[in-house]
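Throw the hints in and build the complete structure from the sequences for me.
2 protein chains.
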Amino acid sequence: MGYDKHDELCINTIRLLAVDATFKANSGHPGAPMGMAPISHVLWNKFMTFNPKNPEWVNRDRFVLSNGHGCMLQYALLHLFGFELSMEDIKNFRQVDSITPGHPESHDTPGIEVTTGPLGQGFANAVGLAVAQAHTAAIFNKPDFDLINNYTYCYFGDGCAMEGIASEAASAAGHLQLGNLICIYDDNHISIDGDTAVSFTEDVSKRFEAYGWHVQHVEKGDTDLEAMEEAIKKAREVKDKPSMIKLTTTIGFGSKLQGTGGVHGNPLKADDVKSVKEKFGFDPEQTFVVPQEVYDAYHKHAAEGAAAEEEWNKLFEKYGEKHPELHKDLKRRLTRDLPEGWQTKLPTYKPTDPAIASRKLSESVLEAIHEAVPELISGSADLTGSNNTRWKKAVDFQPPSLGLGDYSGRYMRYGVREHGMAGMMNGMATYGTVIPAGGTFLNFVSYAAGAVRLSSLAHQRVIYIATHDSIGLGEDGPTHQPIETLAHFRALPNMMVWRPADGNETSAAYYMALTSKQTPSIIALTRQNLPQLEGSTLQDAIKGGYVALEDKEAAVTLVSTGSEVSICLEAVKYLKDNNDIKARVVSMPCVEVFDAQDKEYRLSVIPDGIPAMSVEVMSTLGWEKYTHEQFGLNRFGASGPYKEVYKKFEFTPEGIAKRAVKTVDFYKDVKPLRSPINRAFTQLI
Amino acid sequence: MGYDKHDELCINTIRLLAVDATFKANSGHPGAPMGMAPISHVLWNKFMTFNPKNPEWVNRDRFVLSNGHGCMLQYALLHLFGFELSMEDIKNFRQVDSITPGHPESHDTPGIEVTTGPLGQGFANAVGLAVAQAHTAAIFNKPDFDLINNYTYCYFGDGCAMEGIASEAASAAGHLQLGNLICIYDDNHISIDGDTAVSFTEDVSKRFEAYGWHVQHVEKGDTDLEAMEEAIKKAREVKDKPSMIKLTTTIGFGSKLQGTGGVHGNPLKADDVKSVKEKFGFDPEQTFVVPQEVYDAYHKHAAEGAAAEEEWNKLFEKYGEKHPELHKDLKRRLTRDLPEGWQTKLPTYKPTDPAIASRKLSESVLEAIHEAVPELISGSADLTGSNNTRWKKAVDFQPPSLGLGDYSGRYMRYGVREHGMAGMMNGMATYGTVIPAGGTFLNFVSYAAGAVRLSSLAHQRVIYIATHDSIGLGEDGPTHQPIETLAHFRALPNMMVWRPADGNETSAAYYMALTSKQTPSIIALTRQNLPQLEGSTLQDAIKGGYVALEDKEAAVTLVSTGSEVSICLEAVKYLKDNNDIKARVVSMPCVEVFDAQDKEYRLSVIPDGIPAMSVEVMSTLGWEKYTHEQFGLNRFGASGPYKEVYKKFEFTPEGIAKRAVKTVDFYKDVKPLRSPINRAFTQLI
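Listed in order, the protein sequences are those of chains A and B.
If you're matching positions, the first sequence starts at 1 in this note's numbering and goes up one per residue.
If you're matching positions, the second sequence starts at 1 in this note's numbering and goes up one per residue.
Derived from the structure by calculation, the hints contain no laboratory data.
Don't take every hint at face value.
Any copy will do: because identical chains look the same in the list, a pair fits if it lies in one copy or spans two.
Unchecked claim - Straight-line Cα separation of at most 27 angstroms, DSS-like style, residue types lysine-lysine; simulated pairs: (1) Lys91 / Lys643; (2) Lys599 / Lys350; (3) Lys269 / Lys360; (4) Lys300 / Lys576; (5) Lys668 / Lys246; (6) Lys24 / Lys643; (7) Lys239 / Lys53; (8) Lys279 / Lys24; (9) Lys206 / Lys234; (10) Lys643 / Lys279.
Shown next as structure tokens:
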């Protein structure tokens, strides 16, 4: 309370940094920063606790800019509060190799919590951050030790409000009663097509009430700092519901084009830049100006944050005396290392063990390791019984008032909300104390593609448990049978796509997924039973590809994944008996991990001199990289019992053998016949 | 009104067909059909007008089962009313090559309007059907000729209600005030995880009210047929809002497990089958029983539908006398043929024409053809100015009351709702009188992946205008720069992915997209300017791939798409000048269309004897199919001015030449060096 000229100066400083940076870059979005500078001044100074010198402090308040195109607002704030983001960085806005890219990227810029810009994602991330906070608090807070009590604040605009992912996450957050989540809706009535009246006339506040949120409205979002402060204060007091504050603002406040689409995604014109500086009492000839009193005020708040962290560190030290095990556990989690020896819990299998569906093998992994890896949070988008994602004694993560679990629970009921789930998992992984694993059918990971992409781009350790991975799901038919899905995600950088062939490979997939701190994984799992392979071991499988059946006299290498590996092994017998052809089999559960092995190893797996043929019951796209010929399914599947469906498409020992014979024949005359591992040049990485 | 035992018999007949079919298949979902048989009996008999002998009649009422897993309900109805779906077909439920697959597929089964099962899709399709209906009515209805006045009815369950795509479409439908859309929410409180209380506690009715829908609640959805009839009647009377009827039902009504998750996705046990038949007064020893009086009653309604169509045909004939042009136009549209000569409007370009961004070239196509192709409906997911999707004189498709357009308008303001847009476009295309084209950034077509997949599976002529197609978008950075996207959709069966290199290729893309009645297209377009190529013609480009620069003495073929083709042409000069290597260039705007050419042609484009290298500034995945070596970007991009970004990743004449030299060198010793067009065997199609 008691706002004055000083506050106005701070606010206008933020606005003009956004104006200058976008003008200099001749690119970017000045409108949202100019409109949301006032609320930011209030929120960051009056409510948010953070230490710019240690942006990783676990109990800091989290800030998410879901309308990420307004990132100059965030960069300006980070700079003013003293994060490692210099004025030079701001001047390099949107330039190659700067830490101030066109949309905020958490991996590159200290103080950016999550990577946003693709609309709606940040909102879902914020829900995930709040989930992780509530869970971490439930696990670690003890009487006299309110260790984890940060808030998550999120800005979102009309674009985010329209996106389905935000609707899904908002519905989930309401159900979960996440009291520490406060989302501020920049109600500026402008999106790229102009006035939102052309497409978006719903009552957003009423919708959020329907989700179970606490909703307020600040009408004068450009000027009424008292009302903003009051609303945030009230929101913090509501402990049993997430809060939404509708803040009616003027986009591009101060510009000649304020309140119009003209100021959304384009820098101001030169005369407008001058005019707005004059209007705000700044020298129109100067650029990138920060009055010392603004730095002073903001650095003062930063120092308070540093002091708060110091207090917290003392509290945490005391906590260590009283709760040494928990103290150790939290410290370890923050390093992202797993508990020592956890991997000894991973199940291993002998060839004599029974055939089991890999979705069940995945369940066995979760059952076996969940105690050893307490940060693992499983869940499913309403397919628990099909994804087999829940260990027997799991407690649901639920608001205690519902009587269905509590916040210490490690099983998420995401509902039929795949995209929301993925966005939430990205937020959860970001928090730093949990590893989220979430299930759906492989085909419906595609619903979440927007968020899965950000798992990769933002280097999130997120695990997608993707069951029903092929036509092998049978009767549900083509609407549910993935064809393009593995190719899609194999083309996505920094993503491990696993398709294990048996129990040892399933354990290997989890081993790599859990120990790769910077890379998400999709683990594709069958509905149908798979035999335990002769040649598989965890040690081999974690190389991504290995020889499952060697034959030094082989005329062909069959390269396969998942449920087709065992059929290839049968095909080897068939080829020998019927065609007098010797074949060897490579199991390739994860091409990305295989690619990371040294060339000598890779060539030992797919050697020169004989042709290789891939066998995978979906799109062949991409297999040309590893094999000379490809047997796959470049059409949609069929509804029927799975064995019938496999037969229809000739994924049988005979069908494979037929094509292997043609492959051997076709390459007979080629000299030298090089392994596809040999390339003329290496790709950029 | 006046329901009696007869109605109960009809309803129980439907229920038991679902019970028997799922039991026989040992697979499927009996619960929803058993719960929704009553409303179906009322809706289909009392309100829906359709002719089973002509399921294509344009003014039929449309029915969409968004909870498509309940398809035995729909199959039972189609059978009972006399569509071409026999009892034998019902007995073949979920068997290979049946017309009764595990989820309804419009392409295979007469009477199935849209392909559903992936949750939320049908709901969005229904919104699209209602859009197309309103538009077609606005264009063709005249005084005394209320030609097009059908309703669209849609069932959706809790799963659909949770999906973001349905939220997006519901918000759009509310904005658009689609009075002829009536959606019935199967409020049975059960999803796969059991009671929806575990994840879905929002107030769905209030949410729909917030969207601007008319909302009612029928509490006794199992029994109160009068209330159902009354609610549907009221919904039909509301002309300025879409209607949602919340129908509280008991899933698996009649089963021992009714009201539980146990009856959702599994057939009833044998004793339960018997018990429910006894309860309903049927012989427990008999299966697939339809009492004659049920057939009689349903066939009577079918005959009324046939009579209604006959009436309509007479009306349409009279309409032809009074409005011959419109009559001709509607008749033509229903054949899905385009107007004769429309293609002469497609712009063509000479090499001397200026460099233009392909998103602008796309705009020129729309400007040039929109009058000649009146069924084309353009639109954008709130990126109109960036996607360049709107011709100058376009009128918005809007409810007249808003004063922003009217239902005759041919420009859709979809809002920031990519998935909803795609689902709506699938519905619009299905209606039969319009061709939808919708824009977003290529990167955000991924948000719509679930619906894009169904465009392909359901053979919809839908056009995705996907601008900002690469790192060439520049400053927006990695969050917006597609890497995996083209590989993803090239792996999707029955999808044309176009990436035109200049004006003639852009026209070719539209030519093929508009004339391919059974195949959707994604047209990937640049933000940056592209020169008009020497070697390009529309006639060449519609082959999907062609020689843009021939050289019979070439040592290497460069195969490229879109913005990289002109850089390859520069690289040819560079190679000649600096390396004394001759090269030829292939432009490959659409691999799927190229694949459809005869082998001789394809080999003439990518010949034997010299190596081929692909150049495309995104994931190389899949290019191995056409080339020996690949130059691409298997990592995320960078934020900066696009020329800087291209330089950073070496997509320059020098960068290409460097790799071409290595390619030539690497393959020198291989004999014979076959074109990748040659394969050992052909793929299954």
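Q: Taking the numbered hints from earlier one at a time, note which ones the structure violates and give those numbers from smallest to largest.
A: 2, 4, 5, 7, 10
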